[in-house]
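Using the sequences plus the hints, can you model the full thing?
The listed protein sequences correspond, in order, to chains B and Y. Per the working numbering, the first sequence runs over residues 1 to 328. Per the working numbering, the second sequence runs over residues 1 to 189.
For the record, the hints were derived by calculation from the structure and aren't laboratory data. For every residue, glycine included, the Cβ atom is placed at its ideal position computed from N, Cα and C. Check before you lean on any hint, since a few could be wrong.
[Unchecked claim] Output of the computed footprint for chain Y on chain B, the stretches with three or more beta carbons under 8 Å from beta carbons of chain Y:
{"no.": "1", "stretch": "63 to 74"}
{"no.": "2", "stretch": "110 to 120"}
{"no.": "3", "stretch": "176 to 184"}
{"no.": "4", "stretch": "240 to 252"}
[As the list claims (entries may be wrong)] BS3-like, lysine-lysine: derived pairs with alpha carbons at most 25 Å apart:
{"no.": "5", "chain 1": "Y", "residue 1": "105", "chain 2": "Y", "residue 2": "152"}
{"no.": "6", "chain 1": "Y", "residue 1": "34", "chain 2": "Y", "residue 2": "50"}
{"no.": "7", "chain 1": "Y", "residue 1": "34", "chain 2": "B", "residue 2": "209"}
{"no.": "8", "chain 1": "Y", "residue 1": "42", "chain 2": "Y", "residue 2": "98"}
{"no.": "9", "chain 1": "B", "residue 1": "244", "chain 2": "B", "residue 2": "209"}
{"no.": "10", "chain 1": "B", "residue 1": "244", "chain 2": "B", "residue 2": "206"}
{"no.": "11", "chain 1": "B", "residue 1": "227", "chain 2": "Y", "residue 2": "34"}
{"no.": "12", "chain 1": "Y", "residue 1": "50", "chain 2": "Y", "residue 2": "10"}
{"no.": "13", "chain 1": "B", "residue 1": "102", "chain 2": "Y", "residue 2": "34"}
{"no.": "14", "chain 1": "Y", "residue 1": "50", "chain 2": "B", "residue 2": "206"}
{"no.": "15", "chain 1": "B", "residue 1": "244", "chain 2": "B", "residue 2": "102"}
{"no.": "16", "chain 1": "Y", "residue 1": "98", "chain 2": "Y", "residue 2": "14"}
{"no.": "17", "chain 1": "B", "residue 1": "244", "chain 2": "Y", "residue 2": "34"}
{"no.": "18", "chain 1": "Y", "residue 1": "10", "chain 2": "Y", "residue 2": "45"}
{"no.": "19", "chain 1": "Y", "residue 1": "105", "chain 2": "Y", "residue 2": "175"}
{"no.": "20", "chain 1": "Y", "residue 1": "105", "chain 2": "Y", "residue 2": "50"}
{"no.": "21", "chain 1": "B", "residue 1": "102", "chain 2": "B", "residue 2": "40"}
{"no.": "22", "chain 1": "Y", "residue 1": "42", "chain 2": "Y", "residue 2": "10"}
{"no.": "23", "chain 1": "Y", "residue 1": "45", "chain 2": "Y", "residue 2": "98"}
{"no.": "24", "chain 1": "B", "residue 1": "244", "chain 2": "Y", "residue 2": "42"}
{"no.": "25", "chain 1": "B", "residue 1": "206", "chain 2": "Y", "residue 2": "34"}
{"no.": "26", "chain 1": "Y", "residue 1": "45", "chain 2": "Y", "residue 2": "14"}
{"no.": "27", "chain 1": "Y", "residue 1": "54", "chain 2": "B", "residue 2": "206"}
{"no.": "28", "chain 1": "Y", "residue 1": "54", "chain 2": "Y", "residue 2": "34"}
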Amino acid sequence: MKNSRCQIAETPVWQMQITPTNLRLRAQLLARIRAFFTNKNVTEVDVPVLSHNGVTDPYLDNFVTQLTLGQTSTSLYLQTSPEYAMKRMLASGSGCIYYLGKAFRHEGAGRQHNPEFTMLEWYRIGFDDRALMHEIDELLMDVLSVASAEYLSYHAAFLHYVDLDINTASHDELITALAMDFHYDIQQASRDHVLQLLFNIHIEPKIGKERPCFIIDFPASQAALAKISSADPRYAHRFEVYFKGIELANGYWELTDAQEQSRRFAADNVIREAEGAVQVVPDPRLIAALTHGLPECAGVALGVDRLFMLAQNLDSIEDTLAFPLPRA
Amino acid sequence: MANFSTNEFKAGLKVMLDGEPCNILENEYVKPGKGQAFNRVKIRKLVSGKVLEKTFRSGESVEGADVMDTELSYLYNDGEFWHFMNNETFEQVAADEKALGDTVKWLVENDLFTITLWNGTPIVVTPQNFVELEITETDPGLKGDTAGTGGKPATLATGAVVRVPLFIQTGEVIKVDTRSGEYVSRASK
Numbered sequence: 001m002k003n004s005r006c007q008i009a010e011t012p013v014w015q016m017q018i019t020p021t022n023l024r025l026r027a028q029l030l031a032r033i034r035a036f037f038t039n040k041n042v043t044e045v046d047v048p049v050l051s052h053n054g055v056t057d058p059y060l061d062n063f064v065t066q067l068t069l070g071q072t073s074t075s076l077y078l079q080t081s082p083e084y085a086m087k088r089m090l091a092s093g094s095g096c097i098y099y100l101g102k103a104f105r106h107e108g109a110g111r112q113h114n115p116e117f118t119m120l121e122w123y124r125i126g127f128d129d130r131a132l133m134h135e136i137d138e139l140l141m142d143v144l145s146v147a148s149a150e151y152l153s154y155h156a157a158f159l160h161y162v163d164l165d166i167n168t169a170s171h172d173e174l175i176t177a178l179a180m181d182f183h184y185d186i187q188q189a190s191r192d193h194v195l196q197l198l199f200n201i202h203i204e205p206k207i208g209k210e211r212p213c214f215i216i217d218f219p220a221s222q223a224a225l226a227k228i229s230s231a232d233p234r235y236a237h238r239f240e241v242y243f244k245g246i247e248l249a250n251g252y253w254e255l256t257d258a259q260e261q262s263r264r265f266a267a268d269n270v271i272r273e274a275e276g277a278v279q280v281v282p283d284p285r286l287i288a289a290l291t292h293g294l295p296e297c298a299g300v301a302l303g304v305d306r307l308f309m310l311a312q313n314l315d316s317i318e319d320t321l322a323f324p325l326p327r328a
Numbered sequence: 001m002a003n004f005s006t007n008e009f010k011a012g013l014k015v016m017l018d019g020e021p022c023n024i025l026e027n028e029y030v031k032p033g034k035g036q037a038f039n040r041v042k043i044r045k046l047v048s049g050k051v052l053e054k055t056f057r058s059g060e061s062v063e064g065a066d067v068m069d070t071e072l073s074y075l076y077n078d079g080e081f082w083h084f085m086n087n088e089t090f091e092q093v094a095a096d097e098k099a100l101g102d103t104v105k106w107l108v109e110n111d112l113f114t115i116t117l118w119n120g121t122p123i124v125v126t127p128q129n130f131v132e133l134e135i136t137e138t139d140p141g142l143k144g145d146t147a148g149t150g151g152k153p154a155t156l157a158t159g160a161v162v163r164v165p166l167f168i169q170t171g172e173v174i175k176v177d178t179r180s181g182e183y184v185s186r187a188s189k
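Printed below as a string of structure tokens:
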């Protein structure tokens with residue numbers, strides 16, 4: 001694996017990075033995903049990659065471009081995921097749908113990151129997070145030939161790997177558990193930031209080694225677009241999937257309450273303000289769709305390039321792409 | 001000196017941290033899907049030689065360090081400073097004991113050394129990875145021992161002491177890896 005990477009690094013920049021064999025295997029993976037959904041009567045949809053609105057997520061940034069026609073100039077946003085468009089479809093009566101295509105994030109490239117990547121996102125009407133996780137498990141067993149996934153709650157993961165109860169641990173205890181040296185003032189960091197660091201550094205490398213691991217019941221403070229649990233409001237119906245050190249997917253039992261969604265968008269902008277990030281106008285078309293009525297559903301987004309890394313045991317996302325950023 | 005953002009971090013970049021010039025050894029960019037991006041950076045402090053790991057918030061900037069490496073040959077020691085010369089420009093620099101550190105035990109006149117200059121002042125003197133030196137003293141070895149399992153100490157012309165196989169004798173020239181301080185082989189003649 002290491003050797004093949006070195007050889008690839010030596011090829012001229014005009015040449016594709018993915019090997020011809022992997023190019024074919026990647027196409028087979030996409031075909032298999034499509035077959036999986038065809039068998040389940042889930043409809044493939046296309047969404048605008050270029051849209052009038054961006055996302056408020058504090059740590060997601062859109063690429064923004066301008067459409068200038070005569071005197072009028074309109075800002076257009078490359079989509080970080082097809083989520084908003086798909087929810088508008090669901091509210092319009094689309095039924096169960098999936099998207100397999102490009103998404104864009106204005107962030108650095110790395111071993112697991114390319115600013116332009118392929119995303120698989122799907123929505124199942126009438127499913128809750130549990131039912132959707134079973135379906136994801138089915139897909140992963142199919143395309144990765146792995147054993148059925150294991151499930152671990154966010155709370156239990158911290159108890160087990162960091163020896164801390166996230167509901168009672170103090171900020172200082174969390175920071176001590178990090179056992180890391182920081183260039184910035186970690187004392188000033190938010191509790192969620194510290195939790196995310198702990199998760200990344202001390203939990204992620206230890207879970208999902210043999211089989212995929214679903215981390216379920218995220219803290220309510222990290223609910224994003226998930227429903228809060230009615231049984232225990234400290235948690236949200238949000239989950240993530242980890243396998244062999246790769247964050248593969250993120251899903252929700254979707255929030256359908258337009259007012260609650262508007263409040264969360266506003267809260268995102270408060271964090272953005274504190275972080276010195278630009279303010280983002282919440283997408284009024286999504287809010288309108290939720291106001292009209294999003295059917296009860298669960299949805300998930302899965303990184304397909306990363307899935308292919310796992311399927312072929314590749315070291316870097318660059319090896320899954322014909323032209324990763326340095327060659328694009 | 002220019003500032004560098006974490007996005008520009010890469011192995012070999014020299015930056016200032018805690019008032020000390022540092023060399024970046026490794027830089028890993030981490031971006032959780034919904035979380036804040038950060039960089040895990042492995043750094044060598046150039047003066048103390050200490051290696052440490054620091055976490056940066058992605059997008060943070062740090063000041064660059066005016067650090068450069070030059071290849072100079074060793075001239076002499078005046079009792080306080082060690083003098084080195086650029087063989088092309090004949091320019092000379094003087095390194096103090098702190099900059100020299102352990103390298104003192106590999107010093108041979110006219111040999112080339114890498115001198116790391118910070119704002120023009122030598123802060124580190126690094127020997128070539130391999131040097132060939134004569135053995136000035138070692139116990140007579142046992143004849144027929146070629147495995148060199150146990151080995152024995154040998155003092156080299158520069159004063160360095162390394163473990164050598166038993167069959168190596170006083171007066172022989174050997175090749176030593178200066179990074180580990182270990183015997184490699186008899187010198188190729």
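Verification of the supplied hints:
A stretch counts as covered by a chain when three or more of its residues have a beta carbon under 8 Å from one of that chain; for the stretch 63 to 74 of chain B and chain Y the count is 0, and the coverage is violated. Here's how the stretch 110 to 120 of chain B fares: 3 of its residues keep a CB closer than 8 Å to some CB of chain Y, so the rule of at least three is met and the hint holds. With 5 residues bearing a CB less than 8 Å from a CB of chain Y, the stretch 176 to 184 of chain B meets the requirement of three and the coverage assertion stands. Check result for the stretch 240 to 252 of chain B against chain Y: holds, 3 residues qualifying (beta carbon to beta carbon below 8 Å, three or more required).
Under the criterion of a C-alpha separation no larger than 25 Å, the hint pairing residue 105 of chain Y with residue 152 of chain Y is consistent with the structure, at around 18 Å. A hinted pair counts as satisfied when its Cα atoms are at most 25 Å apart, and residue 34 of chain Y with residue 50 of chain Y does not qualify at roughly 34 Å. Taking the CA atoms of residue 34 of chain Y and residue 209 of chain B, the gap is about 22 Å. The hint holds against a cut of 25 Å. Under the criterion of a C-alpha separation no larger than 25 Å, the hint pairing residue 42 of chain Y with residue 98 of chain Y is consistent with the structure, at around 23 Å.
For the proposed pair residue 244 of chain B and residue 209 of chain B, the alpha carbon gap of about 5 Å is at most 25 Å, so the pair holds. A hinted pair counts as satisfied when its Cα atoms are at most 25 Å apart, and residue 244 of chain B with residue 206 of chain B qualifies at roughly 9 Å. For the hint pairing residue 227 of chain B with residue 34 of chain Y, the CA-to-CA distance comes to about 16 Å; that is within 25 Å, so the pair holds. Annotation: proposed proximity of residue 50 of chain Y to residue 10 of chain Y holds, straight-line Cα distance about 18 Å (limit 25 Å).
The suggested pairing of residue 102 of chain B with residue 34 of chain Y holds, with an alpha-carbon distance near 18 Å, which does not exceed 25 Å. Taking the CA atoms of residue 50 of chain Y and residue 206 of chain B, the gap is about 28 Å. The hint is violated against a cut of 25 Å. Between the alpha carbons of residue 244 of chain B and residue 102 of chain B the distance comes to roughly 24 Å, so the proposed pair stays at or under 25 Å and holds. For the hint linking residue 98 of chain Y to residue 14 of chain Y, the alpha-carbon distance of about 20 Å falls within 25 Å, and the restraint holds.
Restraint check for residue 244 of chain B and residue 34 of chain Y: satisfied, since their Cα atoms lie roughly 19 Å apart, inside the 25 Å limit. A C-alpha spacing of about 15 Å is found between residue 10 of chain Y and residue 45 of chain Y, which places the hinted pair at or below 25 Å, so the restraint holds. Between residue 105 of chain Y and residue 175 of chain Y, the direct Cα distance comes to roughly 14 Å. Compliance with the 25 Å bound is thereby established for this hinted pair. Restraint check for residue 105 of chain Y and residue 50 of chain Y: the C-alpha separation of about 20 Å stays at or below 25 Å, so the hint holds.
With a C-alpha separation of about 23 Å, the suggested pairing of residue 102 of chain B with residue 40 of chain B holds against the 25 Å cut-off. Between the alpha carbons of residue 42 of chain Y and residue 10 of chain Y the distance comes to roughly 10 Å, so the proposed pair stays at or under 25 Å and holds. For the hint pairing residue 45 of chain Y with residue 98 of chain Y, the CA-to-CA distance comes to about 14 Å; that is within 25 Å, so the pair holds. Restraint check for residue 244 of chain B and residue 42 of chain Y: satisfied, since their Cα atoms lie roughly 23 Å apart, inside the 25 Å limit.
Between residue 206 of chain B and residue 34 of chain Y, the direct Cα distance comes to roughly 20 Å. Compliance with the 25 Å bound is thereby established for this hinted pair. Of the supplied pair hints, the one linking residue 45 of chain Y and residue 14 of chain Y holds, its CA atoms being roughly 10 Å apart against a limit of 25 Å. Distance hint between residue 54 of chain Y and residue 206 of chain B is fulfilled; the C-alpha atoms sit about 21 Å from each other, no more than 25 Å. For the suggested pair residue 54 of chain Y and residue 34 of chain Y, the alpha carbons sit about 22 Å apart, so the restraint of at most 25 Å is met.
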